Amino acid sequence: MPPHIHISVDRLRRRRSTPPSKKPVGDGKACKACGAHFRAEELERNWGVCTTCDHHFPVSSSERITQLADGDEWRELWSELAATDPLRFTDLVPYTERVEQAEAKGVREALVVGELSVQGVPSLAAVMDFGFLGGSMGSVVGEKFARAADRCVETGRPLSVITASGGARMQEGVIALMQMAKTVVAIDDLREAAIPVVVVLAHPTTGGVWASFASMGDFTYAEPGALIAFSGPRVIEQTTREKLPPEFGLAESQLENGQVDAVVDRRELPGRIGSVLNILDRPRADIDDGAGRIARQGRERASRAAQALPKLSRRLRGRLGTGSDGGAE
Amino acid sequence: MSRLTRRLTGRSEEAEPQDRDEVWEAIQLARHQDRPYPLDYIDRLMTDFEEIHGDRLFSDDPALVCGIGRYHGRPVAVIGHQKGRDTNERTYRNFGMPGPEGYRKGMRLMELAEKFDLDLVTLIDTPGAYPGAGAEERGQGGAIARSMQTMLRLRPPTVAVVIGEGSSGGALALGVADRVVMLENTTYSVISPEGGSAILWRDAGKARDAAAAFKPTASNCYRWGVADAVVPEPAEGAHADADEAARLLDAYLERTLRELRRVDVGQRLARRKERFRRIGTFREGPHEGQVPLADPPADSASETSNGQPPAS
Ligand SMILES: [Zn+2]
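Residue numbers (my numbering), protein chains in the order written: chain U, 1 to 329; chain P, 1001 to 1312.
Don't take each hint at face value.
Simulated coverage check for chain U against chain P, where a stretch passes if three residues somewhere in it have a Cβ under 8 Å from a Cβ of chain P [what the hints assert, rightly or not]:
1) 44-55
2) 87-100
3) 180-192
Hints listed in this document are in silico derivations from the structure and should not be mistaken for laboratory results.
Values in this document were obtained by computation on a predicted structure and should not be read as measured data.
C-beta atoms are modelled at their ideal positions from N, C-alpha and C, and glycine is treated no differently.
Chain U extracted, bound-state conformation:
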């Protein structure tokens, strides 16, 4: 697995200006970035990353969850929540038809939430799916995100978020806009409960999603080449007549701009998320049964770590209550 994840501006330029030169052969496809051929299953084995140039292809929420979760530990929550049509909205196609078409593809909504374990940390995940109406945030996305946050507060478990969204779902009008505020309420509840939130920005994360929960993680990682912006390049060029460089808004630029903490290769994400969660996850004896178990697990994990430490950390060992019940916070 290549640890080298930097994409040079030259490569980005090439990617934008040079269309794939060769056509796919057989059941294979050609990488749109480098033109290399691969088979579908080969790409999936490599987590949707080109084996030649490391270009990150879009992946569905279910693939994301397979990549993120330890083993088969995934329990989806509130999958029955479905969109309604409060504005009876029609643009080129009625909104209800758009939803039906998206549902027919097998994805339930633009956000999937559930319980899982990441690198040994029992936690919740909220994963967006760009395949469902461009990952747009309507009422269902807002409600699922809020419920996931509630569950995190109840259980003391941390939250991992992976975003891929064009922004608020226009077909739900101002009600979709309000979901931005709703997710900010959820983020603030998590802040008050000291629940760790790790956000991964995948391509693209724009509009009202970037301007709400996506930019409010304790840690914010971005996938290579992901477009991260409030206003997309096309809107900016149309409105301001600015000519934008090809690297505008991409993860690597946003790292330079100070808008994300790191650009992380998809294949390294579980390790990086798990690392943050393991550092921030702390014993919680004072919540409820389910949380008690997690707290015990956390305490055990921490005390194992503490025992391995030299003398200096005896204070920590005492606080963690190694060998007794009392010491946990």
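Got chain U sorted already, so can you dock chain P with the ligand onto it with the hints?
Then chain P with the ligand, alone, in the frame of chain U:
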């Protein structure tokens, strides 16, 4: 039955049938160049106004006016999108489209309001946050998100008033308040009709269709639970009589701030969160179409008598 259900059923006949022309007219009224802007309301409603400038990080943003003054004898903090009235001022004010500097200046004022326990009033009137490369590089998205969170956490009472067009996250950044009210001839929408037209119709010329689809009028926003009240305007509209428009807003604002002050601060903060937590419409379980919009928070039942009925 919730107040909202009453809204959806009882008032549906007067609020629902808004045809293309009617909605388009509302959009034009909300953008009328003679409508009062924040400084016009501040002039008429406040004494001793002092404006702050700059976010202490990058620059000042004239698209947002932020300051403190005296309102009915009490010190208050005010933040408003300021559009320009003539070409020069419009350019200077960037047409009321703030960058991250504007929202960070706003957060400076919110912190000042927190420190001195000042009521906060926001006056919303923007086609959206500024879409520019520099704004993106300096964190437009994060600034909007943090502005919402800062407002959500403020301990003093907060009232957001849509005084013109409230479009996109650029408007909502100042809209996470105890009470959200709209003047009669204003709009609140996920995007401007022009923006929606370009994206959904792939044709910038379909703004009228987009407006009719978004139906972003004050009366609809009231029915959807997005606005807690609709404040009446003078018969000819706010653009025809700024003094009367300010007087009508004053009547609502003064009473509402006084009522919010009477609520315990912990309750006020919890209800503010609850107000936004509940907004949404979805189906759940095997039954279709059963869950309409969420109920408004319990305390806002008293709001119907405070606010004015929506315009018909
Ligand atoms: Zn490639």
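Here is how each hint holds up against the structure:
A count of 0 residues in the region 44-55 of chain U with a Cβ less than 8 Å from any Cβ of chain P is obtained; the coverage claim is therefore unmet, three being the minimum. For the region 87-100 of chain U, the assignment as covered by chain P holds, since 5 residues bring a beta-carbon within under 8 Å of that chain's beta-carbons and 3 suffice. Beta-carbon proximity to chain P at under 8 Å applies to 9 residues in the region 180-192 of chain U; the threshold of 3 is reached and the given coverage holds.
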